[in-house]
Amino acid sequence: MAGKSRISRDEVARIAALARITLGDDELTHLAGQIDGILDAVAVVQEAAGTDVPAMSHPLEISNVTRPDLIRPSLTPEEALSGAPASEESRFRVPQILGEEA
Amino acid sequence: MSELVRKSAAELGTLIAQGELSSREVTQAHLDQIAQTDSAIHAFLHVDVQGALAQADHADKSRGESNSPLHGVPLALKDVLAQKGVPTTCGSKILEGWRPPYDSTVVAKLKDSGIVILGKTNMDEFAMGSSTENSAYGPTRNPWDTNRIPGGSGGGSAAALAAMQAPLAIGTDTGGSIRQPAAVTGTVGVKPTYGGVSRYGLVAFSSSLDQAGPCARNVLDTALLHQVIAGYDPKDATSINAPVPDVVAAAKRADVRGMKIGVVKELSGDGYEKGVADRFAESLAILESQGAEIIEVSCPNFKFALGAYYLIAPSEASSNLARFDAMRYGLRVGDDGARSAEEVMSLTREAGFGPEVKRRIILGTYALSAGYYEAFYGSAQKVRTLITRDFAAAYEKVDVLVSPTTPTVAFKIGEKSDDPVAMYLSDVATIPVNLAGVASMSLPAGLSEGLPVGFQIIAPAMRDDRLYQVGGALERELHAKWNGPLTNQIPDLQVR
Amino acid sequence: MALSYDDVVARYEPSLGLEVHVELNTETKMFCGCATVFGAPPNTQTCPVCLGMPGALPMVNEKAIESTIRIGLALNCAITPKSRFARKNYFYPDMPKNFQISQYDEPICTNGYLDVEVETDEGAKTFRIEIERVHMEEDTGKSLHVGGATGRIHGAEYSLLDYNRAGIPLVEIVTKVVSSTGKYAPEVAKAYVKELRDILRSLGVSDVKMEQGSLRCDANVSLAPIGSGKLGTRSETKNVNSLRSVERAVRGEMIRHAGLLDKGERVVQETRHFQEDTGATRSGRSKEQAEDYRYFPEPDLTPVAPDATWIEKLRSELPEKPSVRRARLQALWQVPDKEMAAMVNAGAVDLVEETVALGADPTKARGWWLGEISRLANEAEVELSSVSISPKEVARIVELIGAGELTDKLARQVVAAVIAGEGDPDSVIAAKGIKVVSDESSLIAAIEKAIADQPETAEKVRNGHLPAAGALIGAVMKETKGQADAARVRELLLGQLGQA
Ligand SMILES: [Mg+2]
Ligand SMILES: [Zn+2]
Numbered sequence: 001m002a003g004k005s006r007i008s009r010d011e012v013a014r015i016a017a018l019a020r021i022t023l024g025d026d027e028l029t030h031l032a033g034q035i036d037g038i039l040d041a042v043a044v045v046q047e048a049a050g051t052d053v054p055a056m057s058h059p060l061e062i063s064n065v066t067r068p069d070l071i072r073p074s075l076t077p078e079e080a081l082s083g084a085p086a087s088e089e090s091r092f093r094v095p096q097i098l099g100e101e102a
Numbered sequence: 001m002s003e004l005v006r007k008s009a010a011e012l013g014t015l016i017a018q019g020e021l022s023s024r025e026v027t028q029a030h031l032d033q034i035a036q037t038d039s040a041i042h043a044f045l046h047v048d049v050q051g052a053l054a055q056a057d058h059a060d061k062s063r064g065e066s067n068s069p070l071h072g073v074p075l076a077l078k079d080v081l082a083q084k085g086v087p088t089t090c091g092s093k094i095l096e097g098w099r100p101p102y103d104s105t106v107v108a109k110l111k112d113s114g115i116v117i118l119g120k121t122n123m124d125e126f127a128m129g130s131s132t133e134n135s136a137y138g139p140t141r142n143p144w145d146t147n148r149i150p151g152g153s154g155g156g157s158a159a160a161l162a163a164m165q166a167p168l169a170i171g172t173d174t175g176g177s178i179r180q181p182a183a184v185t186g187t188v189g190v191k192p193t194y195g196g197v198s199r200y201g202l203v204a205f206s207s208s209l210d211q212a213g214p215c216a217r218n219v220l221d222t223a224l225l226h227q228v229i230a231g232y233d234p235k236d237a238t239s240i241n242a243p244v245p246d247v248v249a250a251a252k253r254a255d256v257r258g259m260k261i262g263v264v265k266e267l268s269g270d271g272y273e274k275g276v277a278d279r280f281a282e283s284l285a286i287l288e289s290q291g292a293e294i295i296e297v298s299c300p301n302f303k304f305a306l307g308a309y310y311l312i313a314p315s316e317a318s319s320n321l322a323r324f325d326a327m328r329y330g331l332r333v334g335d336d337g338a339r340s341a342e343e344v345m346s347l348t349r350e351a352g353f354g355p356e357v358k359r360r361i362i363l364g365t366y367a368l369s370a371g372y373y374e375a376f377y378g379s380a381q382k383v384r385t386l387i388t389r390d391f392a393a394a395y396e397k398v399d400v401l402v403s404p405t406t407p408t409v410a411f412k413i414g415e416k417s418d419d420p421v422a423m424y425l426s427d428v429a430t431i432p433v434n435l436a437g438v439a440s441m442s443l444p445a446g447l448s449e450g451l452p453v454g455f456q457i458i459a460p461a462m463r464d465d466r467l468y469q470v471g472g473a474l475e476r477e478l479h480a481k482w483n484g485p486l487t488n489q490i491p492d493l494q495v496r
Numbered sequence: 001m002a003l004s005y006d007d008v009v010a011r012y013e014p015s016l017g018l019e020v021h022v023e024l025n026t027e028t029k030m031f032c033g034c035a036t037v038f039g040a041p042p043n044t045q046t047c048p049v050c051l052g053m054p055g056a057l058p059m060v061n062e063k064a065i066e067s068t069i070r071i072g073l074a075l076n077c078a079i080t081p082k083s084r085f086a087r088k089n090y091f092y093p094d095m096p097k098n099f100q101i102s103q104y105d106e107p108i109c110t111n112g113y114l115d116v117e118v119e120t121d122e123g124a125k126t127f128r129i130e131i132e133r134v135h136m137e138e139d140t141g142k143s144l145h146v147g148g149a150t151g152r153i154h155g156a157e158y159s160l161l162d163y164n165r166a167g168i169p170l171v172e173i174v175t176k177v178v179s180s181t182g183k184y185a186p187e188v189a190k191a192y193v194k195e196l197r198d199i200l201r202s203l204g205v206s207d208v209k210m211e212q213g214s215l216r217c218d219a220n221v222s223l224a225p226i227g228s229g230k231l232g233t234r235s236e237t238k239n240v241n242s243l244r245s246v247e248r249a250v251r252g253e254m255i256r257h258a259g260l261l262d263k264g265e266r267v268v269q270e271t272r273h274f275q276e277d278t279g280a281t282r283s284g285r286s287k288e289q290a291e292d293y294r295y296f297p298e299p300d301l302t303p304v305a306p307d308a309t310w311i312e313k314l315r316s317e318l319p320e321k322p323s324v325r326r327a328r329l330q331a332l333w334q335v336p337d338k339e340m341a342a343m344v345n346a347g348a349v350d351l352v353e354e355t356v357a358l359g360a361d362p363t364k365a366r367g368w369w370l371g372e373i374s375r376l377a378n379e380a381e382v383e384l385s386s387v388s389i390s391p392k393e394v395a396r397i398v399e400l401i402g403a404g405e406l407t408d409k410l411a412r413q414v415v416a417a418v419i420a421g422e423g424d425p426d427s428v429i430a431a432k433g434i435k436v437v438s439d440e441s442s443l444i445a446a447i448e449k450a451i452a453d454q455p456e457t458a459e460k461v462r463n464g465h466l467p468a469a470g471a472l473i474g475a476v477m478k479e480t481k482g483q484a485d486a487a488r489v490r491e492l493l494l495g496q497l498g499q500a
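Chains as they are written, first to last, in this note's numbering: chain R, 1 to 102; chain Y, 1 to 496; chain A, 1 to 500.
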């Protein structure tokens, strides 16, 4: 338990960036310690890892739940945009998008 | 009149149906009770006074056309379910001001049966927590002792019931968020079989675990509400397309003669307070005296449940909560015209999410990320199989399983706020249920040093009726002993 | 000094990987009941589900599953007994949930192939393209970048998002590594996309319009020195919006990679964008730090487990393969290879077939579609299939010519008018009063007038210089406003001048 930590502060910073959460220095340090503690507590699941038990991702075993290809009413653009922080010409207005060209 | 708010939902429904009371009177009485008590309790994030009265008037007008036993009865709705046009925040700043343009299926069903929605109740942010202290809008207080937590995440709904602000409430349960609040407030809460109640419009925390369920102050009211909200929904691919078990009949039958009741060995002992263990033992004795056979059952893999849960739930949450990004709805922070969308997303998520939500998103992102997936998420999924097998093996021997709902009574506000692992232990007995998708109820078993203790019943999937059958039997004897519901014993509760 | 392509392929061996995204032409989106009409006003085809609103849940479109299975069967794939959806997690504003519902390790179709034919120095050669997987996913919304110079992302002040396209069913078809194409890599790539497009069109599962984005191709290209037996570092070119661009992009990337390798530089593994105007690619986001998509099984959806009966029913209903059909029609119509290839290239096979089915002679039908109608399509810069004249109308025109009621020249006028939207052939003819002048007395009068007007020309013809007749025939046609049958005019004229 004590001693070697399971996750470094840098790793927490990388993960936070992946999750699009800006973290201040203090918050990062505090959180890194807590995440480390939680990982220690949950690592118990690895005792089950070696077994040849199948993975279960869902409690239900049903398949093939689908709907017919029939049009249902959409929202009006006003309803669609009703919660938007900003909109223009019936579109959601967002800050400039960096990264890849759409 | 002053005692109107102590009445059960079934009674109110009958009186309204008979024209003895109007839904408007009943609704107004509960709105008054909220007005009078909620500054101390803070069960509600939004009280929809106008909307509730309009629904009540409508219920009064359409009384003759309804055969719903809850027609005109008011209800408190956990703020994690979308209700068209009514603020829905999930206890988070990031959704402040958002009014959904649609109704969740649960809300649509409530409206269809003439139930009046009083407002939205407080909760741990995005249902992550066991104390309602993680609400961005301040904690809810336990009506039994306002220095204590009402449980979480559905502390608002449970506290509203206990404080007589509503006879019915809707909660959601991902790892115990209906049952643990029910236990620590002396109320009844049911997590139905996974897929028994539609998740459409329930703001997802962990999709494979989340389930909305009924809450009330007694077993029959809970069953009546269960009947309203349960059933197949073509909008939810994970909704079970099969008849809902007759929970109301089971609650009324309330007969455990010949039933085999299994006591889960692993959900006792270390960490369970003496008062909790004592009330549990007394309840078992009652059930035995009523003709049930009590058998000890071992579920050896339950020891992995907490670990599996705190990997699976955060993993799914990290993905479910990615949509809160300041682009289409909710909070937007830092849009000064110069910053990019990416920067605004990150700043908004930093400002809009509280510490527990950030912790879980980061934990879940990590558990799913390249190189760690197998060790964490993958292993947790295997544990899920093992736990499901434990349940299956147990149900070969018994009809239901039982345990204390929580290891302790309500703790003090602030006591565990910065110790996530200690907080997570509150749900040690409730979590296995969600991992396997089975059905479970918590109902009051009495008091320990003046605070409520919960008794948990766990039934196989799609046998939710057994919860009511056993719960109803136990409750009958306990209510006789207490002279009514446990919540009538709350000290200093102001009732108009 | 840019390398020549011949120089590149003399020393390097290319490997390709092609990822094609196809928008299905279902009535509704992949996971909700919103309509999918192309070009609808912004955000009119959206709902809580496709806007990723809190609480909304997806529900799979059954038709989309069926279309995907049909694609898989047509590409000779195995259909997975139980496949699952997975979430692909990454943040991008055009993706409402910030994850895409896709398929990951359990795609619905795997291990297929498609044979394509390419003209080589040694004649036509068949290349087998192996298909790794075919899977289902959902499309993203569209962003409009405002304030930048050209609507491009860089330098934009802000963006406007329309989610009408978000959630439209997409099928992604991924090849295995395509090697051993040598210098024909660009042609093979183009032939693959084209053959795939024809198959998808014959299945009726997609509009397959590259220019509208309903069929999109990403081309992965890498080079390795010939004989090295290794795979080089690849680049992935997106935005390849036409068949011609597929070929250009692959060739361009081969030349660019060779230039880097020759200089001892490294090829960067990255996404590049094809630029239609220059034919070059431009660097996009570097993928050296591989994206961490954190795939996991989609908990809101159940597995797709098509039963064998359903699959066999779908298999039995598959249309004839385009390549088989082409061979059959070529034999039936007795078309030379080159002409058949021209018809295929122009996308005229279906049109000619339908026209023939309506009674037209195959050679005549082909003549019209590949001749005048193709010319008008080129002029208007649209595909032949988008020109607004139907096989039925073409068949009618051919019929009228056969009956002597239209001359070729008059028929061209009718075709132009039909395409211009002036009505069907019969109403155009009625409205314009078009008719072949068959009253020979008036023709003879016109001929006599022409002879009188141009006595010297007439004399030349009388003396046996037949090419001079053209000028006289022209004058007659002018006199009769083009409504005379030129062949008959010639006959009568030569008779008058003693040359019959
Ligand atoms: Mg894809
Ligand atoms: Zn939609």
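Derived from the structure by calculation, the hints contain no laboratory data.
Just to be clear, a hint being listed does not mean it is correct.
[Claimed, not checked] Chain R stretches covered by chain A per the calculated footprint, using a threshold of three residues with CB under 8 Å from any CB of chain A:
no. : segment
1   : 26-35
2   : 49-60
3   : 63-70
Beta carbons: idealized from backbone N, C-alpha and C, even for Gly.
| Hint by hint, which ones does this structure get wrong, listed from lowest number up? | 1
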